[in-house]
Amino acid sequence: MDRRRLYILVLSITLAGILWTGYHLMGQFRSQGEARGTEVCLIRKTTGVPCPSCGTTQAINYILLGDLREALLANPLGFIMLLAMAAFPVWIITDLALNKNSFFRFYHYVECIFRKKAVAIPAILLIIAIWIWNIIKLT
531 MDRRRLYILV LSITLAGILW TGYHLMGQFR SQGEARGTEV CLIRKTTGVP
581 CPSCGTTQAI NYILLGDLRE ALLANPLGFI MLLAMAAFPV WIITDLALNK
631 NSFFRFYHYV ECIFRKKAVA IPAILLIIAI WIWNIIKLT
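Just so it is clear: in the sequence shown, position 9 is 539 by our numbering, and no numbers are missing.
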């Protein structure tokens, strides 16, 4: 993937994530902090079984509300997603403003790291563990 397409893709996805999180966070404020039962996961809607990322939106909302324990219980991936949603747009815009490609190089570096079995296998096992945990707690 070339730099331009990667930057457009990442900016689009993070913008969508920020808007989605804001929408759900405002809904929580309207319902006085109660968790909203909005289900958007197509896998869960279709099969009744949650996917590994089910609960990530709720986890991000809990982090933003300062409840780190509930965030961890909702889905640990929320911490990674929030960090990415905050850092990636700033990083990409800085790259564009300074005519650099550090994010592009970082993307390829991470891609190379995850091609190594010593990294890929534990990462896959972690995602499977989160998936099993989601299945147990959400079904």
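What the hints contain is simulated information worked out from the structure, not anything from laboratory work. The beta-carbon is built from N, C-alpha and C at its ideal position, and this holds for glycine as well. Each hint should be verified, as a subset may be incorrect.
The calculated label-pair distances, taken between Cβ atoms and stated as ranges, are [said to hold, decoys possible]:
hint, residue 1, residue 2, range
1, Ala614, Arg533, 12 to 20 Å
2, Ser632, Val579, 38 to 46 Å
3, Cys642, Leu603, 32 to 40 Å
4, Ala627, Ile662, 40 to 48 Å
5, Asp532, Gly596, 22 to 30 Å
6, Thr576, Leu539, 35 to 43 Å
Below, computed lysine to aspartate or glutamate pairings styled on DMTMM-like, alpha-carbon distance capped at 25 Å [said to hold, decoys possible]:
hint, residue 1, residue 2
7, Lys630, Asp532
8, Lys646, Asp532
9, Lys647, Asp625
10, Lys630, Glu641
11, Lys667, Glu600
12, Lys667, Asp597
We went through each hint and held it up to the structure:
1. Ala614 with Arg533: 12 to 20 Å: 18 Å, holds
2. Ser632 with Val579: 38 to 46 Å: Distance hint for Ser632, Val579 holds at roughly 39 Å.
3. Cys642 with Leu603: 32 to 40 Å: 33 Å Cβ-Cβ, so the 32 to 40 Å window holds.
4. Ala627 with Ile662: 40 to 48 Å: Given a distance of about 43 Å, which is inside 40 to 48 Å, the answer is holds.
5. Asp532 with Gly596: 22 to 30 Å: The hint (22 to 30 Å, Cβ to Cβ) is violated, given that Asp532 and Gly596 are roughly 40 Å apart.
6. Thr576 with Leu539: 35 to 43 Å: Violated, at about 25 Å.
7. Lys630 with Asp532: Distance of about 14 Å is within 25 Å: holds.
8. Lys646 with Asp532: 22 Å, holds
9. Lys647 with Asp625: Judged against 25 Å, a Cα distance of about 31 Å means the pair is violated.
10. Lys630 with Glu641: 19 Å, holds
11. Lys667 with Glu600: Holds, because 13 Å separates the two Cα atoms, which is no more than 25 Å.
12. Lys667 with Asp597: This hinted pair holds, its Cα atoms lying about 19 Å apart.
Of the numbered hints stated above, those contradicted by the structure are hints 5, 6, 9, listed in ascending order.
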